[in-house]
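Next come the chains, spelled out residue by residue.
4 protein chains.
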Amino acid sequence: MPLTLDQAKEVLARANRMIAHEGVLDAFGHVTMRHPTDPGRYLMSRSRGPELVQPEDIHEFTLDSQIVTPIEPRLYGERVIHGEIYKARPDVNAVCHHHAPSILPFCISGMELKPVYHLGATMGAATPFWDSRDDFGDTTLIVAKPEEGASLAKALGPNWIVLMRRHGATVAGRSLEELTFRTIYTARNASMQIQAHSLGHVSPLTAAETELAGDYNLRPGPVARAWEYWSVRLDKAEGTWQAVKPKAAVTAKKRPAIKATAKKANTKANTKAKTKAKRRR
Amino acid sequence: MPLTLDQAKEVLARANRMIAHEGVLDAFGHVTMRHPTDPGRYLMSRSRGPELVQPEDIHEFTLDSQIVTPIEPRLYGERVIHGEIYKARPDVNAVCHHHAPSILPFCISGMELKPVYHLGATMGAATPFWDSRDDFGDTTLIVAKPEEGASLAKALGPNWIVLMRRHGATVAGRSLEELTFRTIYTARNASMQIQAHSLGHVSPLTAAETELAGDYNLRPGPVARAWEYWSVRLDKAEGTWQAVKPKAAVTAKKRPAIKATAKKANTKANTKAKTKAKRRR
Amino acid sequence: MPLTLDQAKEVLARANRMIAHEGVLDAFGHVTMRHPTDPGRYLMSRSRGPELVQPEDIHEFTLDSQIVTPIEPRLYGERVIHGEIYKARPDVNAVCHHHAPSILPFCISGMELKPVYHLGATMGAATPFWDSRDDFGDTTLIVAKPEEGASLAKALGPNWIVLMRRHGATVAGRSLEELTFRTIYTARNASMQIQAHSLGHVSPLTAAETELAGDYNLRPGPVARAWEYWSVRLDKAEGTWQAVKPKAAVTAKKRPAIKATAKKANTKANTKAKTKAKRRR
Amino acid sequence: MPLTLDQAKEVLARANRMIAHEGVLDAFGHVTMRHPTDPGRYLMSRSRGPELVQPEDIHEFTLDSQIVTPIEPRLYGERVIHGEIYKARPDVNAVCHHHAPSILPFCISGMELKPVYHLGATMGAATPFWDSRDDFGDTTLIVAKPEEGASLAKALGPNWIVLMRRHGATVAGRSLEELTFRTIYTARNASMQIQAHSLGHVSPLTAAETELAGDYNLRPGPVARAWEYWSVRLDKAEGTWQAVKPKAAVTAKKRPAIKATAKKANTKANTKAKTKAKRRR
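Protein chains in written order, with the numbering used here: chain A, 54 to 334; chain B, 54 to 334; chain C, 54 to 334; chain D, 54 to 334.
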């Protein structure tokens, strides 16, 4: 059963905020998804920092990256990155464009990004480079014209990530959850690879390991587990999360070895919980 | 329509706190702006950590860096950095002096700082070095005398940033918003460049790319987008931000794939929102 | 006096959250302990990010890694890592499997991890590598079959940590508190070693120093002190911690040198404390 | 006018928490000060993570590192580090022993730590190494015996910091505020120096610059400014800090360029402030 449009907007807004909160996106970059019932459209926020995106910021776009119902606020300039990939890749249902601090050193140096641990295997076996200079010479580096988006989509080919020289990366996924997982763990993998280079030899996964580990980690179980984790971290940062209230029976008689701390901490937690409980009455 | 003095003080205090909260400033460094209606004066906080600056801390200074209305609290010792640049550069309306952790390695090693991605292009094509030893020999490294400020302003020349050997950097902008953007993204660019060096070859933007990308990113749209993002991050840190209350209709029926988390998280958010709503009544 | 089962679940849930909160675990990895009264069983959470684990998530498993009372939610796939080590090592009462960002560069590069400071000495003198390729060829890298767990346990041998190529690490302890200490400080040691390599020569502890310093730091005193620290940090992050209310007598008359700050801060604290006190009445 | 004993305990507890909150101390390490009126005694916390130290945790010790009034809780094992330095250096009134992540790479590699920017100049011109192996051979690396403390104090000599091979650092100051400044900025300097090495050549301050810049930054003004900054950061982390309430007059009419954000943020702040105000009534 596909999502309703309202559900899709809510989950897409959350993915924007989650990926930003994990440090992969900052003031710039964007996460989109294909319309849940109309494959000829995609959903994208109006132009604002992804960590701020709310469901009501999200609008529908055609695959030519035109907004369906025009609005007054500014739109993202690089919509064609998303539209041209959705056109070229019917299997792709979510896209993230970002400038993650751990990915950029590869985009600057030209060093090949490789899966160096099982969770990074979700990036896939090949991580092609695209250089705006090759087709377009000196530009703003911004991918704003349809032909620029199409050139990038061509460089992505059948892969799941394309590195953009002196710019960033664009990641694709079959679902929004898969995209979120791949985007964050590819950034983590990149950071580990940089430090491994500083220690000497980098020994990546074999092609077979990459395929096996990638498939394993993109099953619904691991993907949902990671989504829950990042989602709760976001809730904590946004102040909408509450600690589970400890059960009185358990906290009353504490183990000796660590009693000093545990007792104090729990007393506080209990007091606080009681205070809150009173206020609620 | 220019800002009123009160508005200028508020926005300047916020820029101080934002740039500090992003890790570019710490206990030291300062952000100033030219007086909104009197180009012969500039606005600067009394001496305190920039993350603590409030509108009432901000005072008026002549371009000779004398306070207009003397106050009892201590003033920054390096006022001439700002005054001498405002004198030499009528196009500059905001200045930031800092010791960012990612910029200092360049100031220590003498390695050239270069634009390595489009957002870093806002630093401009040239990033000159200034060494206090050249004109003044062994000093405290503090730029406190008018002739020291003038020497630094001369080294800045027509550029937007000057690196100070064994000390830090001074950044200039046509507006406070442009300055904030350039200051933060130059620091991010520096961090990426350091890691790119560790991977091997560093391939920066061409001069043409730097100009095109710099101009593109300093348009009002991108600058306002980044300002909003850093401003909300500051609000979160200062406890003045509130999560948007989710709409009941949407959160009631959650999608299956990620239901466990989403349901729990939203239930909490709703409960909390309701509790808050009750308290407000 | 051993812990009750309820106490064990609470302290194990807390260890999961603490080690995750310190950045050693993320969405993946797990911490387990041997059943407090039945050495033929161990306790482990159902499958979820360790930072989210609550006492009620924890279930009993046989040493063959079968759940004692089947549940509907998903279980961790790599249970055999724990079960096979508990089988092979009667002296081990707690195990942590993780993919810490500072440990992975060693797993990728093959660089030997060594104790480089006294707190890191708790890792022990030898830190063997295990490569899933040696016995099993190309795999998902996931240790899910009993023979894979047994192979890993064999590589661990009589040591306290085993590094898993292109995957992570598994750490063992005589108690949950010892395990927590060793896991976190081995990760800190790894991070320092990486940076020391970048400076040149790495000079580790001698075998005798490693033994002496390891034993010293694993005594109950240091272990409890570190546990309290990480526990309070977790409480702060979970919002269950409260600042100690300053005594009015002391804060009323502040020392001159730092009066500006201290006075303001304490006035606020007092106001806040009073407000809270009123609400409690 | 010297501090009262109560005032000294409060400010020392705060220094412990501040330096820990800035990441220089973790579960281990300690900050002490000489007794404000009895130079033959010093003040030190009972054994607990420095970020948790409260005024009531602090006790008096003789310069032979014996507690004046015995207590039940555990004491720090490395008291002699402090006692022996207070004995050898009548000019020293505060000492910090730590294992900062940015300092350890120097202690491991033997690379010389040098002042590379003006704030780091407060470490002084010489940063000697002490190796416990030289006098004592293989040990726990813990400095617990009087002769070990005396050996370390001798290595410190007339300097302000001594690096301890495979262990950490000990820093001294003429006052607690000076010590806090030197401890934190020496750690920041170390981090910058590591990254500068990765870029190539490291060009430190001259001896004359070090002396001039060190003296400049250790004057009461800069030291108080840094103290206020770290103190407020601690207050924010401990939840005892409150954002300054914006003045209604200023926030009502916002400047156009950044209105979207600013307006929203301020409306929230006002609403929140009003809600709080109501509750207080």
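Treat the hints loosely; a few may be bogus.
Since the list gives no way to pick out one identical chain from another, each pair is judged satisfied if it fits inside one copy or across any two copies.
List time: in silico EDC-like cross-link candidates among lysine to aspartate or glutamate, alpha-carbon distance up to 20 Å [unchecked claim]: (1) K198 / D268; (2) K198 / E264; (3) K207 / D268; (4) K198 / E113; (5) K207 / E281; (6) K140 / E113.
These are computed hints drawn from the structure, not numbers from a lab. Computed from a predicted structure; not experimentally measured.
Homomeric proximity label, K207 with D268: Cα distance no greater than 20 Å: Neither. Shortest intra-copy (24 Å) and inter-copy (28 Å) distances fail the 20 Å Cα cut-off.
Within, between, both or neither: K198, E113 at alpha-carbon 20 Å: Classified as within; 19 Å inside a copy, 47 Å across copies.
Alpha-carbon proximity between K207 and E281, which holds within one copy, between copies, both or neither at 20 Å: neither (33 Å within a copy, 34 Å between copies)
Intra/inter-copy verdict for K140 and E113 if alpha-carbon distance must be at most 20 Å: Result: close within a single copy only, 15 Å intra versus 50 Å inter.
Alpha-carbon proximity between K198 and D268, which holds within one copy, between copies, both or neither at 20 Å: between (34 Å within a copy, 17 Å between copies)
Intra- versus inter-copy proximity for E264 and K198 (alpha-carbon distance at most 20 Å): Close across copies (19 Å), not inside one copy (34 Å); limit 20 Å.
The structure does not agree with the numbered hints 3, 5 stated previously, though it agrees with the rest.
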